[in-house]
Amino acid sequence: MNFTEKTLGKGKNMKKIIKTMTLVTCILLTVSVLCSCSEDKDEGRCNEAVKTVLEQFDTTPMDTTVSLGEDVYADNFERLYNFSIKKIDGGTIAYAADGGNADEISIVRAGENADVSEIKKYMEARLAKRLHDFENYKPDEVYKLENARVTVLKNYVFLVISDQPEEMITVIQGVLNQD
Numbered sequence: 001m002n003f004t005e006k007t008l009g010k011g012k013n014m015k016k017i018i019k020t021m022t023l024v025t026c027i028l029l030t031v032s033v034l035c036s037c038s039e040d041k042d043e044g045r046c047n048e049a050v051k052t053v054l055e056q057f058d059t060t061p062m063d064t065t066v067s068l069g070e071d072v073y074a075d076n077f078e079r080l081y082n083f084s085i086k087k088i089d090g091g092t093i094a095y096a097a098d099g100g101n102a103d104e105i106s107i108v109r110a111g112e113n114a115d116v117s118e119i120k121k122y123m124e125a126r127l128a129k130r131l132h133d134f135e136n137y138k139p140d141e142v143y144k145l146e147n148a149r150v151t152v153l154k155n156y157v158f159l160v161i162s163d164q165p166e167e168m169i170t171v172i173q174g175v176l177n178q179d
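With the numbering used here, the residue at position 143 of the sequence shown is 143, and numbering never jumps.
One or more hints might be untrue.
[Unchecked claim] Calculated pairs, DSS-like style, for lysine-lysine (alpha carbon to alpha carbon, straight line, at most 27 Å):
1. K138 x K120
2. K86 x K121
3. K86 x K138
4. K86 x K51
5. K51 x K154
6. K87 x K138
[Unchecked claim] Restraint-style ranges between C-beta atoms, simulated for each label pair:
7. L153 x S84: 17 to 23 Å
8. G100 x R149: 20 to 26 Å
9. E146 x G111: 28 to 34 Å
10. E135 x Q178: 36 to 42 Å
11. E112 x N136: 37 to 43 Å
12. K129 x T65: 28 to 34 Å
13. H132 x P61: 18 to 24 Å
Derived by calculation from the structure, the hints in this document are not laboratory data. Idealized CB from N, CA, C, for every residue including glycine.
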């Protein structure tokens, strides 16, 4: 009798142990998959909201989308929003790459310890800066900025600059309210 047979037993005991180990492994894998799916669903909610808006409003000049997790998002976040990226755990921005349009959708999900009202103030400051920039740069886009809105929903803060901000906000809220 070798060490394995002495330790684990023969025949029926060995089969029972293997079945138990297989069952435990399957349960752990199932729990792991379920947990990762729910995290991915929540992490992608900002991106899903922006994507849905762009699909429904296909005439918008916004042609570029960047999200948390992409280098370009991380590299530019603090310059754009003037607060630490560590305060969020999700975010997406859509804009017109040519820079000639004021149109923008910025959605961030506040992190666990972040103050949503503080993030809202930073978004409002971003809107004010964009308004100032476009007043001097391209005045015919100013009306979009004057009608833009910063909105809070749960732990999400979003800025919508467009011809149809109210309609886009409604779509975003629909996506972010999904369970």
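Hints and how they fare:
1. K138 x K120: Satisfied, since the Cα-Cα distance of roughly 26 Å is no more than 27 Å.
2. K86 x K121: holds, 17 Å
3. K86 x K138: The hint is violated at about 33 Å.
4. K86 x K51: This hinted pair holds, its Cα atoms lying about 24 Å apart.
5. K51 x K154: holds, 20 Å
6. K87 x K138: violated, 32 Å
7. L153 x S84: 17 to 23 Å: holds, 22 Å
8. G100 x R149: 20 to 26 Å: For G100 and R149 the Cβ distance comes to about 22 Å; the hint holds.
9. E146 x G111: 28 to 34 Å: holds, 31 Å
10. E135 x Q178: 36 to 42 Å: holds, 37 Å
11. E112 x N136: 37 to 43 Å: holds, 39 Å
12. K129 x T65: 28 to 34 Å: Since the Cβ atoms of K129 and T65 sit about 21 Å apart, the hinted range of 28 to 34 Å is violated.
13. H132 x P61: 18 to 24 Å: Cβ of H132 to Cβ of P61: about 21 Å, so the range 18 to 24 Å holds.
Hint violations for this structure: numbers 3, 6, 12, all remaining hints satisfied.
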